[in-house]
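> Just so you know, we're using the numbering used here here: the sequence shown kicks off at 604 and counts up by one.
Source of the hints: derived by calculation from the structure; they are not laboratory data.
Beta carbons are placed, not taken as given, at the ideal position from N, Cα and C, and that holds for glycine.
Be careful, since some hints might not be right.
Claimed, not checked - Ranges of calculated distance between the beta carbons of each label pair, as one might list FRET restraints:
no., residue 1, residue 2, range
1, Ala823, Tyr616, 32 to 40 Å
2, Ser766, Ala823, 21 to 29 Å
3, Asp769, Asn882, 49 to 57 Å
Unchecked claim - In silico DSSO-like cross-links for lysine-lysine, where the CA-CA straight-line distance does not exceed 30 Å:
no., residue 1, residue 2
4, Lys610, Lys621
5, Lys828, Lys812
6, Lys852, Lys828
7, Lys608, Lys788
8, Lys828, Lys934
9, Lys755, Lys711
10, Lys788, Lys755
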Amino acid sequence: MAEIKLKDLTKVYGNGFKAVKSINLDIKDQEFMVLVGPSGCGKSTVLRMIAGLEEITSGELYIGGELMNDVDPRDRNIAMVFQNYALYPHMSVYENMAFGLKLQKVDKNEIKQRIHDAAKALDIETQLEKKPKLLSGGQRQRVALGRAIVRKPRVFLMDEPLSNLDAKLRVQMRAELIRLHDELKTTFVYVTHDQTEAMTMGTRICVLKDGEIKQVASPAQIYNKPDNLFVAGFIGSPQMNFYRGNLIKEGDTYFLLGENGVHGKFKFPVEKVAAQMLNPYLDKQIILGARPEHMILTQGEGLRAEVMVTELLGSEIHIHAYVQNEIHTVKIEAPTSIKAGDIITLLPESNHIHLFDPDSELSIV
Numbered sequence: 604m605a606e607i608k609l610k611d612l613t614k615v616y617g618n619g620f621k622a623v624k625s626i627n628l629d630i631k632d633q634e635f636m637v638l639v640g641p642s643g644c645g646k647s648t649v650l651r652m653i654a655g656l657e658e659i660t661s662g663e664l665y666i667g668g669e670l671m672n673d674v675d676p677r678d679r680n681i682a683m684v685f686q687n688y689a690l691y692p693h694m695s696v697y698e699n700m701a702f703g704l705k706l707q708k709v710d711k712n713e714i715k716q717r718i719h720d721a722a723k724a725l726d727i728e729t730q731l732e733k734k735p736k737l738l739s740g741g742q743r744q745r746v747a748l749g750r751a752i753v754r755k756p757r758v759f760l761m762d763e764p765l766s767n768l769d770a771k772l773r774v775q776m777r778a779e780l781i782r783l784h785d786e787l788k789t790t791f792v793y794v795t796h797d798q799t800e801a802m803t804m805g806t807r808i809c810v811l812k813d814g815e816i817k818q819v820a821s822p823a824q825i826y827n828k829p830d831n832l833f834v835a836g837f838i839g840s841p842q843m844n845f846y847r848g849n850l851i852k853e854g855d856t857y858f859l860l861g862e863n864g865v866h867g868k869f870k871f872p873v874e875k876v877a878a879q880m881l882n883p884y885l886d887k888q889i890i891l892g893a894r895p896e897h898m899i900l901t902q903g904e905g906l907r908a909e910v911m912v913t914e915l916l917g918s919e920i921h922i923h924a925y926v927q928n929e930i931h932t933v934k935i936e937a938p939t940s941i942k943a944g945d946i947i948t949l950l951p952e953s954n955h956i957h958l959f960d961p962d963s964e965l966s967i968v
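Generate the whole structure from the sequences, applying the supplied hints.
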């Protein structure tokens, strides 16, 4: 078993900067947990504390039920893959993969078998005798992964391992990592700032900001039911559109009325949010969010917007438009005759909106 438990884990540096603020997180055995957030949010620091490369200021770290705070990194039975491949240039691929096992005095035949199995899984069997300089970036990353795999660790820790690869290779390596996780049935903890990697690879996603956990949930729940304004805005590309206005009620229908009518009047069904949750906000300001794919072009009432630019992305088009000097985005199917400078009218789909408290920034739902 290789479950990981972080209990009030904190990291404070000598200058007083609090990089990680008493976080609590349970990572299940064989789970693919992705830590995601903007630069400086503490995700790599958390990973390094799990690895033992960063000293824990306070709190407790458990791996497989064992307290790890004072256990040396080499005794934690983990493997780490970094953004930098960190391969020995003077050694062949085989020698790079075998190096750690030789230090552990593993039998030569066992080393050979492990390397063969890992190379086959990573499709680098024909590269074993080559030096790293003769390999492509994707092949070098596979070697770094293979070096970790042959150790048969109980936990894989990965710190933005795909960020040095081009777009096509990143897509390919994402698929490889998902497949490897399924085959190895080992706990993966993966750090990235790339939300596409987080959404496509993670069993669960842990979103961090300023050293604090903002939400931990499945990719679908993170995307469709964000707990707060930060998660709603951070996850999703292009990001969610936000509108501020006063909540009003006409008959049995709730509306968001923009300031001075600037943002129009959006209605949403009572079944979307329970009435008892909405009533405390009547005649008060709230924030409404709508994802680009949940914005529609309309000929009637809505937001008057001037198109800034359109982006053709194959089967869909992103329309970026100014609404009162703020840029909002709409996703529509290609083709379209809409072009820069056109005036369009937008409206959020009433059954796909998100509502947030402007003070706490928490979801009203």
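> Which hints, by number, does the structure contradict?
Nothing - there is no hint that the structure violates, so all of them hold.
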